[in-house]
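Enquirer: Quick mapping for you: the protein sequence lines, in order, are chains V and S. Residues 1 to 389, numbered by the numbering used here, are exactly what the first sequence covers, in order. Residues 390 to 778, numbered by the numbering used here, are exactly what the second sequence covers, in order.
No wet-lab data here; the hints were simulated from the structure. There could be a bad hint or two in this list.
[What the hints assert, rightly or not] Simulated restraints, written as ranges between beta carbons of each label pair: (1) V:140 with S:538: 31 to 41 Å; (2) V:101 with S:683: 20 to 30 Å; (3) V:118 with S:675: 49 to 59 Å; (4) V:112 with S:554: 39 to 49 Å.
Every residue gets a Cβ at the ideal spot worked out from N, C-alpha and C, and that includes glycine.
There are 2 protein chains.
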Amino acid sequence: MTITKGPQAFPRAEFLRRLGTVKEEMGRRNVDALVVSDPNNITYLTGYTAVSGYVPQGLVVLIDEEEPSFILRQCDAPAALHQAFMDRNKVIAYPEYLIGNPEKDGYDTLIDFLNDAGVANRTIGLEQNSLPVTATEKFKRRLPKAKVVDCTLAVTWIRLVKSDLEIEVMRECAAISDAAVLRAAEVIRPGVREADAVAEIVGTLVRGVNGKPGTLIKLVGLCSSPRTGTCHIPWSEDVFRDGSQINLELGGSRHGYAAGLMRTYSIGAPNDRLQRIHDAEVEGLEAALGAVRPGATCSDVAEAFNRTIAKRGFKKDTRCGYAHGIGWLEPTASLKEGDMTVLKPNMTFHLMLGNWVDEDFGYVISETFRVTEKGADVLTSAPRKIFQI
Amino acid sequence: MTITKGPQAFPRAEFLRRLGTVKEEMGRRNVDALVVSDPNNITYLTGYTAVSGYVPQGLVVLIDEEEPSFILRQCDAPAALHQAFMDRNKVIAYPEYLIGNPEKDGYDTLIDFLNDAGVANRTIGLEQNSLPVTATEKFKRRLPKAKVVDCTLAVTWIRLVKSDLEIEVMRECAAISDAAVLRAAEVIRPGVREADAVAEIVGTLVRGVNGKPGTLIKLVGLCSSPRTGTCHIPWSEDVFRDGSQINLELGGSRHGYAAGLMRTYSIGAPNDRLQRIHDAEVEGLEAALGAVRPGATCSDVAEAFNRTIAKRGFKKDTRCGYAHGIGWLEPTASLKEGDMTVLKPNMTFHLMLGNWVDEDFGYVISETFRVTEKGADVLTSAPRKIFQI
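Whenever a hint applies, use it, and build me the whole structure from the sequences.
Expert: As structure tokens, this is what we get:
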């Protein structure tokens, strides 16, 4: 029996619009066939969110075909038939004997497809930084008449500017993030194990809000004293204690998209050092958001933040944020001084103001925002306070 | 202030033993310095489990130094100081301006370190398949007098055989997996949203059992009718329905390790097709475990399974499992016909008997086991039944 097409997060026209933009870029680069292997870019162009990128797979965009073709492992093909917007014949399964096979693998099927598609002597774009080096070598070896060019980040840059439909999904993600931050304030208590609080926080990320559940579990980072100077460590096996500070980073996620949010908690009144950095960072956050407008640069936003907190005697070493959307961090624009990316309406960023000041002290606050015609529209809305427990 | 060393999952002697084995392999390959970039291999050799591998980082094992050196992003250094077993001076932070910088990045710091360590004209091993192609090129360009050789999977193969201490951690993971599978049987109910059940299941994975919480969230796959023919898709936004079948794959996780477990649920009595494949697969599972002994091959185990279910009229296209430990799948040995890897005591596998028969029908069961001196020791212990709701 065939599997039915599942509920689609976006209409067909939206995927065709995205593909149209990609094909325009292919045209500019004189690329006839683009092999997309970054799983987040595959999600962007098809709606597919299943976790199968740990084995070879690739989406082939041909410049003169409406729908792309998705070549993937046989056991993952039903998920693609269910989730991706394309017709059945655009999902091409490669057989299981190509898994864990040093002689021949799924990239050979991809190469066979390119041959059959008549582009073996044309220009083929690869996302080389999403491919093992052996795969890139195989493409060049088995397609000797093709001109193989690197298109790493080409699609990633395109998805920096969201459609209104994508913004709606990110808004749903942001509402989940807000709920999880508020839930944390209810469950972080002295004597409670960190894991028990995380279980509740993740529960909120999955249950979602407004009848819209989370559909993936993205980052949940909980760094408590004496680990507030760390940013990517798992929660501890210990309990929360009186006087502890807790830094929380999380993001609701739907259809592959995320909306990051960070807040800081204090069991008991915040100490002076914590209160001072909080006050400075909130002022900096407002200054950064105030600098957002079409035509300004990423650098302008970071400068506004850095200048503001400098007046209060603080500095932040890490960047002030990054392009944000499918799969959390989009490795394109950074909100940092010197990044001259010009802001455009519907670009989305995680304004990530985590500040790890010392080995044993840091503070976090962040918002997810989109650029509007006039300024910034902040998608997340949890109170900008130290949550005192 | 400096950050304190956190509670260590393994004693120093255990890490030195692992490094000793790696150095023996380096000796066999005439490698003087090994750059480890696979995050799971870094966990194996240091105890570090923070999520920072999305930016350049690397662990350098020098053949004549006791402790390795960990070069990573400045904001992640406190986590390394807290988690990794090495002395402070073995954690080397690179500055933030190297992030998102096309001219110079953290790999340059790694290369500088190799130069300073006096190995610039020696043999340097890279894990090329864990590096972007541009990084490999940079190593070769900036170390022109070095002999750069590929050591992809060298450490990964070593960690296939676990120590008794690692087995204990995997046993703790397995106990969490068992609890989550039992919890699922309590919360899967007709009319309940899949997301609400997943929230409870993940809650169990995080809370853990026996006072030992989960310390990471690994895979939670829940594929319900009509999606039982898919294996890696997220849960749906819908409710469970009377007559539905649910395939669950999950794994408790501690200190980076995981123990995979799959079970199938049926709301109402299983239909004949489901019952028949279950009976065949349980018989096949027992046959596979019966074939496990030191000296047998991965192929022998898969053959025992395949032969047994063939008698009942079934076949399974995907492999019967894979090496299992830190970070879920170890991309080395596969339990499949033709994989001649010889089993040794304390190798650990996920005997993954998920069988996606048709686009709209599949069945799952699995166990995590270790090879003993005489046979198989199954770490997971949930009942081998269809959980009828």
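Enquirer: Each of the hints needs a verdict: does it hold here or not?
Expert: Verification of the supplied hints:
no., hint, result
1, V:140 with S:538: 31 to 41 Å, "violated (21 Å)"
2, V:101 with S:683: 20 to 30 Å, "holds (26 Å)"
3, V:118 with S:675: 49 to 59 Å, "holds (51 Å)"
4, V:112 with S:554: 39 to 49 Å, "holds (46 Å)"
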